[in-house]
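Chains as they are written, first to last, in our numbering: chain A, 1 to 312; chain B, 1 to 421; chain C, 1 to 275.
Hints are supplied without guarantee of correctness; some may be wrong.
Computed cross-link-like contacts, BS3-like style, restricted to lysine-lysine with a CA-CA straight-line distance of at most 25 Å [as the list claims (entries may be wrong)]:
{"#": "1", "chain 1": "B", "residue 1": "K217", "chain 2": "B", "residue 2": "K99"}
{"#": "2", "chain 1": "C", "residue 1": "K165", "chain 2": "A", "residue 2": "K216"}
{"#": "3", "chain 1": "B", "residue 1": "K277", "chain 2": "C", "residue 2": "K59"}
{"#": "4", "chain 1": "B", "residue 1": "K281", "chain 2": "A", "residue 2": "K57"}
{"#": "5", "chain 1": "A", "residue 1": "K23", "chain 2": "C", "residue 2": "K165"}
{"#": "6", "chain 1": "A", "residue 1": "K163", "chain 2": "B", "residue 2": "K187"}
{"#": "7", "chain 1": "B", "residue 1": "K292", "chain 2": "B", "residue 2": "K169"}
{"#": "8", "chain 1": "B", "residue 1": "K356", "chain 2": "B", "residue 2": "K344"}
{"#": "9", "chain 1": "B", "residue 1": "K360", "chain 2": "B", "residue 2": "K370"}
{"#": "10", "chain 1": "B", "residue 1": "K169", "chain 2": "A", "residue 2": "K62"}
{"#": "11", "chain 1": "B", "residue 1": "K176", "chain 2": "A", "residue 2": "K62"}
{"#": "12", "chain 1": "A", "residue 1": "K57", "chain 2": "B", "residue 2": "K412"}
{"#": "13", "chain 1": "A", "residue 1": "K62", "chain 2": "B", "residue 2": "K216"}
{"#": "14", "chain 1": "B", "residue 1": "K217", "chain 2": "B", "residue 2": "K255"}
{"#": "15", "chain 1": "B", "residue 1": "K99", "chain 2": "A", "residue 2": "K62"}
{"#": "16", "chain 1": "B", "residue 1": "K216", "chain 2": "A", "residue 2": "K57"}
These are calculated hints, taken from the structure and not from any lab test.
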Amino acid sequence: MKLESSQKTKKKADARYSNLAKKEALQGYIFITPWVAGFIAFALFPMIFSFLISLTKWDMIKPAQFIGFENYSRIFTEDFRFRQALWVTARYAALSLPLGMAGSLILAVMLNMNLRGTRLFRTIFYMPAILPSVAVTMLWLWILKPRDGVLNYLLGFLHISPKPWISDPNWALPSFVIMSLWGIGGGMIIYLAGLQSIPQELYEAAEIDGAGAWVKFRRITLPMISPTILFNLVMGIIGSFQVFTASFVMTPNGGPGYSTLFYVLYLYQKAFRYLQMGYASALAWILFVIILGLTLMILRTSNRWVYYESAE
Amino acid sequence: MRAAVTAVIILILLSAVGCSSRKDDRINLIITAWGNEREEKTLRSLIAEFAKTHPKIRVELQMIPHARVFDKLMISTAGGRPPDVSRVSSLWFHTCAEKELFERLDNYVNSDKTFDIDDFYQEAVVGWGKHSGRLYAIPTDIDVYAMYFNRTMFDKAGIPYPDWSWDWKDYLSAAKKLTKDTNGDGKIDQWGTSLDQFWQSYIYQNGGSILSPDLKKCTLNEPRAWQALQWMCDLINREKVAPGAEETAQIGTRKLFTAGRLGMFISGSWDAELNFKDQIKNFEYDAAPLPKGKIRATFIGGGAYAILSRSKHKQEAWELVKWMTGKEYQSRAAIDSQIIPSRKSVAKSGAFLKLKKPPKNRAVFLEMIKYGRTLPPVACAQEMNEVISAELALAILGKESTKTACEKVTPKVNQLLKYSE
Amino acid sequence: MKKQKTFWKIAAYTSMIIGAGIVLTPVAWLISTSLKDASQVFDPAVWIPKPPRFDNYTKALSVMPFAKYLINTCVITFSCMALTIISSSLAAFGFARMRFPGRNILFVILLSTLMLPAQVTMIPIFKIWSGLGLYDTFVPLIAPSAFGSAFYIFLLRQYFLTIPKEMDEAARIDGAGTFTIWRRIVMPQAKPALATIAVLSFMSHWNDFLSPLIYLSDPGKRTLALALWAFQGQYSTDWNLLMAASTVVMLPLLLLFFFAQRYFVQGVALSGLKS
Chain A
1 MKLESSQKTK KKADARYSNL AKKEALQGYI FITPWVAGFI AFALFPMIFS FLISLTKWDM
61 IKPAQFIGFE NYSRIFTEDF RFRQALWVTA RYAALSLPLG MAGSLILAVM LNMNLRGTRL
121 FRTIFYMPAI LPSVAVTMLW LWILKPRDGV LNYLLGFLHI SPKPWISDPN WALPSFVIMS
181 LWGIGGGMII YLAGLQSIPQ ELYEAAEIDG AGAWVKFRRI TLPMISPTIL FNLVMGIIGS
241 FQVFTASFVM TPNGGPGYST LFYVLYLYQK AFRYLQMGYA SALAWILFVI ILGLTLMILR
301 TSNRWVYYES AE
Chain B
1 MRAAVTAVII LILLSAVGCS SRKDDRINLI ITAWGNEREE KTLRSLIAEF AKTHPKIRVE
61 LQMIPHARVF DKLMISTAGG RPPDVSRVSS LWFHTCAEKE LFERLDNYVN SDKTFDIDDF
121 YQEAVVGWGK HSGRLYAIPT DIDVYAMYFN RTMFDKAGIP YPDWSWDWKD YLSAAKKLTK
181 DTNGDGKIDQ WGTSLDQFWQ SYIYQNGGSI LSPDLKKCTL NEPRAWQALQ WMCDLINREK
241 VAPGAEETAQ IGTRKLFTAG RLGMFISGSW DAELNFKDQI KNFEYDAAPL PKGKIRATFI
301 GGGAYAILSR SKHKQEAWEL VKWMTGKEYQ SRAAIDSQII PSRKSVAKSG AFLKLKKPPK
361 NRAVFLEMIK YGRTLPPVAC AQEMNEVISA ELALAILGKE STKTACEKVT PKVNQLLKYS
421 E
Chain C
1 MKKQKTFWKI AAYTSMIIGA GIVLTPVAWL ISTSLKDASQ VFDPAVWIPK PPRFDNYTKA
61 LSVMPFAKYL INTCVITFSC MALTIISSSL AAFGFARMRF PGRNILFVIL LSTLMLPAQV
121 TMIPIFKIWS GLGLYDTFVP LIAPSAFGSA FYIFLLRQYF LTIPKEMDEA ARIDGAGTFT
181 IWRRIVMPQA KPALATIAVL SFMSHWNDFL SPLIYLSDPG KRTLALALWA FQGQYSTDWN
241 LLMAASTVVM LPLLLLFFFA QRYFVQGVAL SGLKS
């Protein structure tokens, strides 16, 4: 008898609980509805649509023509600008990432030493990263002028001959690298946060054992912030592949000999200047696959060199 | 919280207001054009007069830098809201016409008795008015290139002025005599000449071509083409009579000419008014024909006005186009800006010829018209031009021979041609 | 040991001073050139122009209707900020506090959209907006913010998770509905994170170049970024004016940065660690 009634109460409680759960679930869905709607409208549907467009020849004026994978085969077998764009972007990443990451890490380490005036330095170093790209590009256009630009003027003091910068195919890309180095403050802030989460005890223990600064850096600092390095590396690669504003404002035609034809610049030209939407969509999908592939590759190999404290 | 919500609502309302068009029962036409301050003034006063005779139409002028008009027309057409009328350049006219960006004007012209298409130079109409035999734009001016030269510099060096007898050899020897280091610092400060802004001219003068006559193949890899380009690049790199990329990236060859440091400068008739009038102070200049290569040829192009095919007010747009290509505008442009009119009646009327300002020998521009060669009228003209220029930049810098550059570029252009139908 | 420490200290100080000098010099040139007379623009030896031409600024600003462009940029930026904060915090609350089937899967999907490059969806979205007749309006620039941004949702969700639930439960006992809890309990406690998002959102929309480039056609609708680009196209040889205009465009961000620095730093730090 008693069992029956307690079972009944349990059932009632269950029923009430599941009603509550249902209500909460419904409310949960309502809260995320804007995001879901946005996801469908601005991510899912456009992705599918974009893939379909990439199978056509379409200029948004006349009707689309289905051509199967012809765009893709053209891109891979015949398109020299595609290869050039990949080369330019890869070269840019290879030049700017190591320098930038090392530089921002060193700056972060110095800032982390808690010397006086750290805050001021932090402000100064971080500032370039937040400025509008268009304005920054204008400034550098002026600095990099070959004849009377200030950069060449200063190099003259160091007895370095003036460089032709943007007008020369060998120096145009390095110009962009220099511009990017001016903005390493962004990465620096991330490293700083990572550094600040390293427990001091580790350093103190190492000091007791007689470790010098370099050993401390190599054995404690680097491993402890390897997740941050990983993050910056991934973001850096994705970022290199998405450089647009600077290249568009400085070299809208891709630079002499297409030496600064960044991938997204090429995509923009194909889409919005020549109105070859199908081709541009194919380029976009290839970009997606490249970024995805690179990221996965890095993440997979990261097990070997990234140290996660929780992975013990 | 409440404040934030009200702020959002206000802002959304503001932005909605920002994008609604003005309530007017007049028809609103948007016209895009390029030009400097003076040309803008001329355009605006013309449009004001148009408004007087057409009170039901309101015209809004949007000035855009020359290099960006093409992009703007392409994107805004794809976006669905192009301007109604636009000034178009012969450089990319065919690209746009192929995509049917422009309204076909044959019917308008045929049914409008007040408009006389025969008054226009046929070179212009065929060159950048018609595409595939159909009329898409009305040419408004002719841009033909001839040679400006610094008379004072020639006098000082004791060289006779350039004339119709000159060929490439005479040109080169004169340039050599004019190139010198005037202040003894070891660097050349005065050059004989600069390059023609249109490398295509050199090819034409050498009897070569960019594309085959049927426009299906690229012929830049033929000797006549790349040898001409090599001669052009040698002016900078071997003969050293023309300033190189470093000097030009800075100030531009035009400023070198107006500063009196360049002997010969190839450009259009408009340069005299647009730039030289204000900037040339210390010397006298005049105009001369371009030297003969194997044949005599020069670049010819120009502007035109077209109605965008997505315009909602095509009849009114036609009225505006007629006005902008009418005799008044062309006379005024000829007088104010030394732009060669596309109407024969205006050209011969002396509005252009009878001007009292330099260059005295301005008739040479009119005479060069018959030697004018337009750029190939293909649909991929714009893209083709960019691909070739990118590679040619390397040759001009002396990093590779033009033979290599042309051999590299020819298959790329052929690809473009193959896919552009 | 102490000697080593002081050595490193001095090394660090010297490097930072040199570094700061390198970083600040371009800014110095910017301001210096913006005050130069046209004849001095290409004279790199002149650091402080005499006389300083403050009228460069008035000239630059009058050549184009910068006031209108400022208003345009403000309308877009502030609308986006407000919409983003509301929609992102709603979604973040749902992911952080509410339980519903599929929540984890949806959250993973949300994170994966961070990997999606904008270029993949750029063209179809352009087509959609132009098909709706909304090309050359502010709508394509503002509307996406009404649906939340994956990055900010992520940030906020992490932050919400750290807010203790006791107050929630107390309010619920008092009969508060979920929405009220969101509005009255959780949001006020999330002010630091919200400030960070406000600041980051401001920066990204103020600096946005590609979207206005593609969607806006009427010169009157230009944003400051577009205006500066147009300025360069028209007056590319007037470097002193161009530098003045650039300074003006940079100024609001510089001011915001100096006054709200820690929010920038906070946001960047918050995002970097938890990945």
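Going down the list of hints, with the structure as the test:
1. K217(B) - K99(B): holds (21 Å)
2. K165(C) - K216(A): Violated, because 41 Å separates the two Cα atoms, which is more than 25 Å.
3. K277(B) - K59(C): Judged against 25 Å, a Cα distance of about 24 Å means the pair holds.
4. K281(B) - K57(A): violated (55 Å)
5. K23(A) - K165(C): At roughly 19 Å apart (the allowed maximum being 25 Å), K165(C) and K23(A) satisfy the hint.
6. K163(A) - K187(B): Status holds; Cα separation ~17 Å.
7. K292(B) - K169(B): holds (9 Å)
8. K356(B) - K344(B): Holds - the C-alpha atoms of K344(B) and K356(B) are around 20 Å apart, at most 25 Å.
9. K360(B) - K370(B): Distance of about 20 Å is within 25 Å: holds.
10. K169(B) - K62(A): violated (51 Å)
11. K176(B) - K62(A): Cα-Cα ~54 Å, so violated.
12. K57(A) - K412(B): Status holds; Cα separation ~19 Å.
13. K62(A) - K216(B): holds (23 Å)
14. K217(B) - K255(B): violated (38 Å)
15. K99(B) - K62(A): holds (8 Å)
16. K216(B) - K57(A): holds (20 Å)
The structure shown violates the earlier hints numbered 2, 4, 10, 11 and 14.
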